[in-house]
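S.K.: Residues per chain are reported as follows:
Protein chains: 2
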Amino acid sequence: MALQGNAAVGQSGGPTMVINASLAGVIEAAREMNEIEHLYGALNGMEGLLDERFIDLFRENDELIEAIRYRPSSALGTCRLKPNEQDLKRAMEVFMAHNIRYFFYIGGDDSQTACHALSELAQTRDWEMSLVGVPKTVDNDLVITDNCPGFGSAARFAASAVQYLACDAEAFGNLEVIEIMGRNAGWLTGATALGRREDRDAPHLCYLPEVTVDPDKFLADCHEAYDKYGYLVVTVSEGFSFAESEVATTSGKVDEFGHARLGGVAQALGDMVEEELGVRGRFDRLGNMQRCFAMAQSQVDLDEAYAVGDSAVRRACAGETDVMITIQRKSNDPFEFECETTSLSSVAGRTRVVPDQLINDEQNGITEAFVDYARPLISPRAEMPPALPKYPRLQKFPIAPKLGDYQR
Amino acid sequence: MALQGNAAVGQSGGPTMVINASLAGVIEAAREMNEIEHLYGALNGMEGLLDERFIDLFRENDELIEAIRYRPSSALGTCRLKPNEQDLKRAMEVFMAHNIRYFFYIGGDDSQTACHALSELAQTRDWEMSLVGVPKTVDNDLVITDNCPGFGSAARFAASAVQYLACDAEAFGNLEVIEIMGRNAGWLTGATALGRREDRDAPHLCYLPEVTVDPDKFLADCHEAYDKYGYLVVTVSEGFSFAESEVATTSGKVDEFGHARLGGVAQALGDMVEEELGVRGRFDRLGNMQRCFAMAQSQVDLDEAYAVGDSAVRRACAGETDVMITIQRKSNDPFEFECETTSLSSVAGRTRVVPDQLINDEQNGITEAFVDYARPLISPRAEMPPALPKYPRLQKFPIAPKLGDYQR
Chain U
1 MALQGNAAVG QSGGPTMVIN ASLAGVIEAA REMNEIEHLY GALNGMEGLL DERFIDLFRE
61 NDELIEAIRY RPSSALGTCR LKPNEQDLKR AMEVFMAHNI RYFFYIGGDD SQTACHALSE
121 LAQTRDWEMS LVGVPKTVDN DLVITDNCPG FGSAARFAAS AVQYLACDAE AFGNLEVIEI
181 MGRNAGWLTG ATALGRREDR DAPHLCYLPE VTVDPDKFLA DCHEAYDKYG YLVVTVSEGF
241 SFAESEVATT SGKVDEFGHA RLGGVAQALG DMVEEELGVR GRFDRLGNMQ RCFAMAQSQV
301 DLDEAYAVGD SAVRRACAGE TDVMITIQRK SNDPFEFECE TTSLSSVAGR TRVVPDQLIN
361 DEQNGITEAF VDYARPLISP RAEMPPALPK YPRLQKFPIA PKLGDYQR
Chain S
1001 MALQGNAAVG QSGGPTMVIN ASLAGVIEAA REMNEIEHLY GALNGMEGLL DERFIDLFRE
1061 NDELIEAIRY RPSSALGTCR LKPNEQDLKR AMEVFMAHNI RYFFYIGGDD SQTACHALSE
1121 LAQTRDWEMS LVGVPKTVDN DLVITDNCPG FGSAARFAAS AVQYLACDAE AFGNLEVIEI
1181 MGRNAGWLTG ATALGRREDR DAPHLCYLPE VTVDPDKFLA DCHEAYDKYG YLVVTVSEGF
1241 SFAESEVATT SGKVDEFGHA RLGGVAQALG DMVEEELGVR GRFDRLGNMQ RCFAMAQSQV
1301 DLDEAYAVGD SAVRRACAGE TDVMITIQRK SNDPFEFECE TTSLSSVAGR TRVVPDQLIN
1361 DEQNGITEAF VDYARPLISP RAEMPPALPK YPRLQKFPIA PKLGDYQR
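One line per chain: the protein sequences are U and S, in this order. Note that the numbering used here numbers the first sequence so that position 103 is 103, with each residue one more than the last. Note that the numbering used here numbers the second sequence so that position 99 is 1099, with each residue one more than the last.
Isolated chain U (complex conformation):
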């Protein structure tokens, strides 16, 4: 018999353009389930869960939930908290105090890892509940799933931006270096080449973080392409590195996970190539727009994001737990997919980088196989959003805490 009780949902990590489509999927499916009495939204993910900052999602009105799926960036707020042992125990206490029997965590690898740890703890505590991870990341670096919701829209933005910037660089006969998100996995950087049709189209050179670059070959390749086409566009991952040297970065800061904050490599490379070629070098950094510039939302991505949220609820209510929803590609043209599941332990702590056969032999671009894989994911929206959309915010009906303050 299915578990009767409350459900909670949270969003974690870097937001995407479609993360609220997953939230809408969770809410709308949960409304159909007799097992789920209330659906609590944890504000700022794990932080809100620990602090009992919950809102009552069933009280939000239908039109708002329909509209919120197009709002970029976590409508519930997000966090970068990696829960420690004490945090995990507290989370269990919160689940029990609020009779939470279903937990859906929309996030990337760190969130899936947290969800798995909670799942194991629930078993040792004999608290019967279902925990399901909902995949989300612009980096596309979760294993097993065909792709990650969030990637398609970020890829569509990055590929479009590079085409546009290329028109500007071509008009001047300039060289242009463009910096793309992605510390370890080059899916997004590779996607910048999706708009390329002929050799003279940009990007002429594209460097994924999976490769280390020989500085002499790099400059020779720049020279050759510039001489051939009269302009030069180079896209680089923020994790770009030359062989036998450190990752280029201008920032000495670290983020909440202790990773060095990246950024600045495009500027450094632009200066270097400018000096070498003797033509004006410029750089652009697509920055945070890669995860929120909703004008570039992909319809396939919106559909996938909604589906993984919807599927998480249905799978949980059917008794599955300690799993993450995955996308299974069924056909490429037209693009069709189904949602499946995989155990959280199979994805937690693992990163899917771009395999060798999707990177060209010269190590400065992608192969046709990469294009075939990624192109279906960047379909445009059927109806584009208006000029300056008024994105709704959730009304955020609060749920009273039951445990009181929590000191971290």
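Honestly, the hints are just simulated from the structure, not real lab data. There could be a bad hint or two in this list.
[What the hints assert, rightly or not] Not everything, but these chain S residues come out facing chain U in the computed CB check (under 10 Å): (1) C1167; (2) E1170; (3) D1284; (4) G1319.
A quick note: this is a predicted structure, and the numbers were derived from the prediction, not measured. Just so it is clear, CB atoms sit at the ideal spot from N, CA and C, and this is done for glycine as well.
Knowing the structure of chain U, use the given hints to seat chain S on it.
M.R.: What follows is chain S alone, placed relative to chain U:
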């Protein structure tokens, strides 16, 4: 009687998202004119004119000209050449050698200045011809005209990007500083506030280059807004400066006009506010996307850009010369405009900054009057462009030089 002969058109300075709509307007109107035997496109503006790098625009096919108007960034190529006395003389020789009786120069203030100088020279040389300036600039800083084609689309991009980045900053409870193009005139920076509907919407603070900022008040305003809304979005012009200090810039480089290359102020301010508020600070620089991210093209802007190109040809063939086409606003809702002319001497060398009454009393935002002025200019396109449009390039049928090499 109207002058019979050839016409030439060039594009100059920083491109815009709609500069080729003006080119299409020139080409399509010129085709209708019996006076115009051939229309030459000068490649890279004044540079191509001096070097006789001309293409035959009447040989380009109709569908391509229809399509090229949506291609961002100068299809003829652009330049930043400010012609000296010798250059101007050479240009006259080129006009005479090729029987060029009409010259249309699509550009900003520097281009209008060059066009005016050529106009005066033609008179002293007794070379009867008509020279008409076609306004273009994302900065919106030309005087007399209601607005400049190129501005509306750049404003739509910047306003949209700020709304999107705000969703991301709000999800984290971060502070975010966003750097906007504009050295002296804050039209584009002010336009970042066009999507704001309530006090908690971004940008909370918006600094135009027309104001100098007191550092203490700046930090106090940041503090207050962050405490009130739980996140903070600040937009700043790249020409941002604190009272009694230099413009912040990380670049020691200068451009072709001897101006310091700007950039880096958002990062510097982000670091400063991060330290003061003790929350994570981020920055984004909209960069060159502001003039080429064609997904954000404004329909009004496309219409205006086409109209000024079309009008330039008709006015020239009706005998006007030494003038720039201007936009006259006829009504605000629906937005309607007409093209008029003003003498080139009335616009050359002048910059229209944002007047005091469009900047709020606190000097950290804009007034309703600014919104009323700018909002009609950022209308979305009726039909949005596809995912990764294949923008056409001109086929570029060359015209044989008549003068031979030119040593600058």
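S.K.: It remains to establish, for every hint, whether it holds in the given structure.
M.R.: Checked hints:
| no. | hint | in the structure |
| --- | --- | --- |
| 1 | C1167 | holds, 4 Å |
| 2 | E1170 | holds, 7 Å |
| 3 | D1284 | holds, 4 Å |
| 4 | G1319 | violated, 32 Å |
Of the numbered hints stated above, the single one contradicted by the structure is hint 4.
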